[in-house]
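Participant: Kindly generate the complete structure, drawing on both the sequences and the hints.
Taken in sequence, the protein lines are chains A and B. Quick note, the working numbering runs 14 ahead of the 1-based positions in the first sequence. Quick note, the working numbering runs 6 ahead of the 1-based positions in the second sequence.
The hints are simulated quantities; they were obtained by calculation from the structure and are not laboratory data. There may be inaccurate statements among the hints.
As the list claims (entries may be wrong) - Which residues of chain A face chain B? A partial, calculated answer using Cβ under 8 angstroms:
1. Arg-55
2. Lys-56
3. Gly-57
4. Pro-58
5. Leu-60
6. Leu-61
7. Tyr-63
8. Asn-110
9. Lys-112
10. Leu-113
11. Phe-115
From a predicted model like this one, the values you see are computed outputs, not experimental measurements. Ideal placement from N, C-alpha and C gives every residue a C-beta, glycine not left out.
Residues per chain are reported as follows:
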Amino acid sequence: QKEVEQDPGPLSVPEGAIVSLNCTYSNSAFQYFMWYRQYSRKGPELLMYTYSSGNKEDGRFTAQVDKSSKYISLFIRDSQPSDSATYLCAMSRGSNYKLTFGKGTLLTVNP
Amino acid sequence: DSGVTQTPKHLITATGQRVTLRCSPRSGDLSVYWYQQSLDQGLQFLIQYYNGEERAKGNILERFSAQQFPDLHSELNLSSLELGDSALYFCASSAPMGEQYFGPGTRLTVT
Numbered sequence: 015q016k017e018v019e020q021d022p023g024p025l026s027v028p029e030g031a032i033v034s035l036n037c038t039y040s041n042s043a044f045q046y047f048m049w050y051r052q053y054s055r056k057g058p059e060l061l062m063y064t065y066s067s068g069n070k071e072d073g074r075f076t077a078q079v080d081k082s083s084k085y086i087s088l089f090i091r092d093s094q095p096s097d098s099a100t101y102l103c104a105m106s107r108g109s110n111y112k113l114t115f116g117k118g119t120l121l122t123v124n125p
Numbered sequence: 007d008s009g010v011t012q013t014p015k016h017l018i019t020a021t022g023q024r025v026t027l028r029c030s031p032r033s034g035d036l037s038v039y040w041y042q043q044s045l046d047q048g049l050q051f052l053i054q055y056y057n058g059e060e061r062a063k064g065n066i067l068e069r070f071s072a073q074q075f076p077d078l079h080s081e082l083n084l085s086s087l088e089l090g091d092s093a094l095y096f097c098a099s100s101a102p103m104g105e106q107y108f109g110p111g112t113r114l115t116v117t
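Facilitator: Structural data, given as C-alpha cells:
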C-alpha cells in the first residue's frame, strides 16, 4: 500500500463548477499537509499549507484535513480554465522534513 | 516566481555520462531538497541539505550525489547515466514554517 493515494483522474468540469480533490494516507506520523498545482512540465506551485485537522480557506481554495480518517481534500470554487493543471497533495512528518506526494490529479476546466 | 532558481532548464546527454544540476534557494532559506519526477513514479524525494550538512536521504541511487555550498546553493551530480534517469529534477527550499517552494526544474534526457 502506498503511503499517499490520490485518484489520478482525469477530471473534467465546466467553468464555474466546484471541484473536489482528495487524498488518503496511511502513515499517521504525517502532521503537515500541502496542495500544489503543477502546470505541464513546470515546477509545483504551493497553494495551501496546513497543520492539524480542520479547514483553511484562501480565496477560491479551501483545504480540509481529517486526521482521524487520514483524508485530505482541496475544494476549488468558481473554477476557471486557468485552474486546468495537475494537483498534487503532499505531506510530511515535520516542518522541515521531506515531502511525500500523491501521484497527482489532472484537472481540466472547460470554458 | 518561487524565488528558487535552477540551471540548466534542459539537458540532453548520452548514457554513461555525468551531469551537474544547480539550484539556488530562496534568500534566507537554509534547507534545500532535491526531488525527481518521472511519469511512472511521480515526485520522489532524493536528498535534503540544511545549512551545508546532509540531513536526510531518500531513494537516491549511489550514482547520484549532492552537496550544499557555503553560499547555500546546491548541486546534484548524476553519473553513469542510464536511460531510466531521464526525468524532471526539482529543487525546493523551505521557509521557516516549513513550506517548501519549488524551482522550475531541470529536464534531463538521456539518449
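Participant: Are the hints correct? Go through all of them and say.
Facilitator: Verification of the supplied hints:
| no. | hint | in the structure |
| --- | --- | --- |
| 1 | Arg-55 | holds, 7 angstroms |
| 2 | Lys-56 | holds, 6 angstroms |
| 3 | Gly-57 | holds, 4 angstroms |
| 4 | Pro-58 | holds, 5 angstroms |
| 5 | Leu-60 | holds, 6 angstroms |
| 6 | Leu-61 | violated, 11 angstroms |
| 7 | Tyr-63 | holds, 5 angstroms |
| 8 | Asn-110 | holds, 5 angstroms |
| 9 | Lys-112 | holds, 4 angstroms |
| 10 | Leu-113 | holds, 6 angstroms |
| 11 | Phe-115 | holds, 4 angstroms |
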